Amino acid sequence: MSAAADGAQTHPHSHPQGQSKASTPRTVLPFDEKTWAHALQHGPRPAAYLFTTSYCSTCPAAFEVLHKAVQQRKDKPELNAVMMDVAGPQALRHAPHFKGMTQMYAFDGFEPAIRQAVDPAWPNVTPYLVLVDAKGQTQRVIGPPTPVMLKRWLAPA
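Each step along the sequence shown adds one to the number in my numbering, with nothing skipped, and position 133 is 133.
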């Protein structure tokens with residue numbers, strides 16, 4: 001053990017590598033009416049955006065379907081959670097429910113206007129999931145994605 005401890009002391013670079021694994025994000029980015037248009041135009045592809053609330057009991061299970069679908073992939077798409085009803089540190093308290101999440105966002109502004117910007121037909125039900133494929137095409141669903149949706153989402157460009 002002491003040799004390992006000595007090695008750890010002489011190799012300080014080993015610590016950051018351990019932290020670079022898919023860990024829970026420590027920051028929450030603001031999500032407003034302009035964020036969605038920017039994400040669709042300039043964001044990573046493929047990517048998933050799960051819109052959730054602090055009280056959504058089925059949202060973690062829907063996110064788990066996404067996480068399982070990409071676990072074995074070398075080129076993991078971004079898995080994002082967007083909290084609609086809490087921001088900042090309060091939003092981060094819910095981060096452990098979304099294992100494998102790339103980034104957490106929180107609504108910043110007038111919630112109905114932000115929802116309208118994301119999808120005018122969205123009936124304000126969660127989990128609301130938007131999958132952006134490699135070509136930038138979107139699929140939208142309330143609840144977990146189907147296997148057919150996941151296959152289409154993860155297809156090469």
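For the record, the hints were derived by calculation from the structure and aren't laboratory data.
Since the structure is predicted, the reported quantities are computational estimates derived from the model, not experimental observations.
Warning: the hint list may mix true and false statements.
With a Cα cut of at most 25 Å, we get these calculated DSS-like pairs of lysine-lysine [to be verified]:
id	residue 1	residue 2
1	Lys-151	Lys-76
2	Lys-151	Lys-34
3	Lys-135	Lys-151
4	Lys-74	Lys-151
5	Lys-74	Lys-34
6	Lys-76	Lys-99
7	Lys-76	Lys-135
8	Lys-74	Lys-135
9	Lys-151	Lys-68
10	Lys-34	Lys-68
11	Lys-68	Lys-99
12	Lys-135	Lys-68
- Task: For the pair supplied as a hint, Lys-76 and Lys-135, confirm whether the alpha-carbon distance does not exceed 25 Å.
- Result: 16 Å, holds
- Message: Holds or violated: Lys-135 and Lys-151, Cα atoms, limit 25 Å.
- Response: 14 Å, holds
- Task: For the pair supplied as a hint, Lys-151 and Lys-68, confirm whether the alpha-carbon distance does not exceed 25 Å.
- Result: 13 Å, holds
- Mind checking the alpha carbons of Lys-68 and Lys-99 for me, to see if they're no more than 25 Å apart? 10 Å, holds
- Are the Cα atoms of Lys-74 and Lys-151 separated by 25 Å or less? Holds. Lys-74 to Lys-151 sits at ~16 Å (cutoff 25 Å).
- Going straight from one Cα to the other, do Lys-74 and Lys-135 come out at no more than 25 Å? 19 Å, holds
- CA of Lys-151 to CA of Lys-34, is that 25 Å or under? The hint is violated at about 29 Å.
- Message: Can you confirm whether the C-alpha distance between Lys-135 and Lys-68 stays at or below 25 Å?
- Response: 22 Å, holds
- Lys-76 and Lys-99: Cα distance at most 25 Å? 14 Å, holds
- When you check the alpha-carbon spacing of Lys-74 and Lys-34, does it fall within 25 Å? 31 Å, violated
- Query: Given the proposed pairing of Lys-34 with Lys-68, does the C-alpha separation stay at or below 25 Å?
  - Reply: Distance ~30 Å between Lys-34 and Lys-68 Cα, so the pair is violated.
- Would you mind confirming whether the straight-line C-alpha gap from Lys-151 to Lys-76 stays at or under 25 Å? Since the Cα atoms of Lys-151 and Lys-76 sit roughly 14 Å apart, the hinted pair holds (cutoff 25 Å).
Of the hints listed earlier, those the structure fails to meet are numbers 2, 5, 10, in rising order.
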